[in-house]
Structures are given as structure tokens and as C-alpha cells.
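J.: This is what each chain is made of:
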Amino acid sequence: GENVEQHPSTLSVQEGDSAVIKCTYSDSASNYFPWYKQELGKGPQLIIDIRSNVGEKKDQRIAVTLNKTAKHFSLHITETQPEDSAVYFCAAEDTDKLIFGTGTRLQVFP
Amino acid sequence: DAMVIQNPRYQVTQFGKPVTLSCSQTLNHNVMYWYQQKSSQAPKLLFHYYDKDFNNEADTPDNFQSRRPNTSFCFLDIRSPGLGDAAMYLCATSSGTAFYEQYFGPGTRLTVT
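If you're matching them up, the sequences are chains A and B in order. Every letter in the first sequence is one number past the one before it in my numbering, and letter 8, counting from 1, is 8. Every letter in the second sequence is one number past the one before it in my numbering, and letter 66, counting from 1, is 66.
Okay, chain B solo, but in the shape it has when bound:
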């Protein structure tokens, strides 16, 4: 089945220790999104890629970076995680012709100790 896969599902990191979260997709979609979701809140868009074009949200901290080496994979790098970065991180994809029909992965729960 075509799908969005996120690894790992649970990640524990130490305060200030860089961490990378991974997303892959078999949908062959042009667009990949990264969201941050804190408890009982709506997903908050961090950035997205349309093919290799990177689009950063204005309020996304510099501490968050992303890489998309090919169509299938996208990575979220948190350079120096703080306690406030503990959250669920969601990856989503959409086709280039239907931006808004977004399909989400299961998420990675990040804990910062």
C-alpha cells in the first residue's frame, strides 16, 4: 500500500543534542511537509518542500532545518533541542496538482530530557 512512513516512532534526546527525524513516502508526491504538534493542539506547519524548493514558515525557529535528498525522503533536523521542542512531529505529503489533499504519517514522538 502507498503510504507515508516515519522513523523512529519514538525518539528520546538530551537537551542540546542534535537529532534527526526521518520521513519516507511511496506515493510519489511532489510536496512534503513537516508539522509540529503539541499536546491538545492543532498541527503547526514548520516548512515544506515542493520538489526541491524549500518553503520555510516565517515563525519556524532557526533551530529547525530540513533536507530532501530525493522525492521519497525528507528529514527534519533539530540542531539543539530544547525542552520546548518536545512534541509529536508529523510528516505529510501531497501531489503537486492537489496541494491541499495531505496524507499524514504516524508521527514521531520526541522527548527531550
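With the rest of the complex left out, here is chain A:
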């Protein structure tokens, strides 16, 4: 089955700087890779996703890149703001479910 690794586990940045979170997956058959943001006490919120036929996808300050050959994908947040502080989870699809990474706690300091 699919296995997803996520790094780093914690990330601290200054407001305005960029943040990058990386994930690797094991099953080359996976074709869908979402990213979720989870604020304290709330459920995960889907913020961006990418399918295997695309190498990069952007939505305002966030972008995701996918390298299918190397089996890794990354989340990029530019011009970080304090409200970006949260736990971010990557995931990969495995048949009819998602396999989540272990999460990255992002702290953005003013």
C-alpha cells in the first residue's frame, strides 16, 4: 500500500518569507495529491491539490509541484502571513482513500 513521508515536522518563518513543505510517496500508481490546512480545534481544510498529469498548480500565494519520476511533491507558500500558521498535511490517494503524511506545524512570526 501507499506510504507518505512529510518533512519538516515543524517550520518557523518570518512574516513575508516563503515556506516549503515536502512529501514523498511510495506507490507510483497514485495520481492525486491534496494538501490540507488544519487550524487548532478545526477539521482539515483542502487548500490545493494536484493530479499526476500536471507538474505545477498555483492559487494566489500557494503552489504545489509534483515530480512523478522522483515520487515527491511540495507545497510552496509565498509572502507568508500570521494567519498561515497551522498544521499542514499532504496526502496521496490509494484506491478509494487518502494516505496522509505526518503533518508540518508552520509558525509564521510577525
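Treat the hints with care, as some may be off.
[As the list claims (entries may be wrong)] With the Cβ distance kept under 8 Å, some of the chain A side facing chain B (calculated, not the full set):
(1) Y32
(2) K42
(3) I48
(4) D49
(5) F89
(6) E93
[Stated by the list, open to error] In silico lysine-lysine, BS3-like type, Cα no more than 27 Å apart, as pairs:
(7) K44(B) - K42(A)
(8) K22(A) - K44(B)
(9) K68(A) - K38(B)
I should point out that these hints are in silico values taken from the structure, not numbers from a laboratory. Predicted model only: the values in this text are computed from it and were never measured. For each residue, glycine too, the CB sits at the ideal point set by N, CA and C.
Following the hints, put chain B in place on chain A, whose structure we already have.
T.: This is chain B only, laid out in the frame that chain A set:
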């Protein structure tokens, strides 16, 4: 707005006392999932329903059961909660044609005393 609703948001139960958590959705999605999330960990899938077809994860304890009486509602029953079952329980939905685009509810925080 279409959404996933979970009730209650906070639930306290006693050790061994059965408890039921509720999830409803207005998205008209075919698939509903239940996850358990412990502090600082990723969500762990317990089971899911595709319409009325129930799919249990191999490592989900028998203590956890689920019911889906109709498209909109799904329940998580914990028959005899132990201290180790204290966690956030998350409900999620996806359409049958896009399994992987899952939308989560706000979660129910379960405390076992």
C-alpha cells in the same frame, strides 16, 4: 452553503459508557468517512461508506461501529470507550466520481473520564 456538520463538537463520556457521534452533509456526496485524530498526528481512517456499502479498515477495533441510515447522515458508535479512545473524530465526504477530494467537518473532540 453546502457543508459537513458534526455534532456535538465536544463530547465527554465515562469509561465504558457507549457514545454516538453524528455527522451530516448537504453536499449529497456518495462517500462518507470517519477518521480518528490524536494530538499532533495525522488523521487515521476508521471506515467509510460508499452509499450503503461499508468498508472497514483492517486495524479498526471492533469497539468502533458505524451506521448510515441515509445519504445525509452517518453515525460513529463507540461501544465501550477506553481512555485510549480520547481523540478528535473527523467526518469527511467525497463524491463517488472524485473519491479523493475529501471535505472534512469541524470534528468532535471526545474526552473519556
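J.: All the hints need checking, so say for each whether the structure fits it.
T.: We went through each hint and held it up to the structure:
no., hint, verdict
1, Y32, "holds (4 Å)"
2, K42, "holds (6 Å)"
3, I48, "violated (11 Å)"
4, D49, "holds (7 Å)"
5, F89, "holds (6 Å)"
6, E93, "holds (4 Å)"
7, K44(B) - K42(A), "holds (16 Å)"
8, K22(A) - K44(B), "holds (20 Å)"
9, K68(A) - K38(B), "violated (31 Å)"
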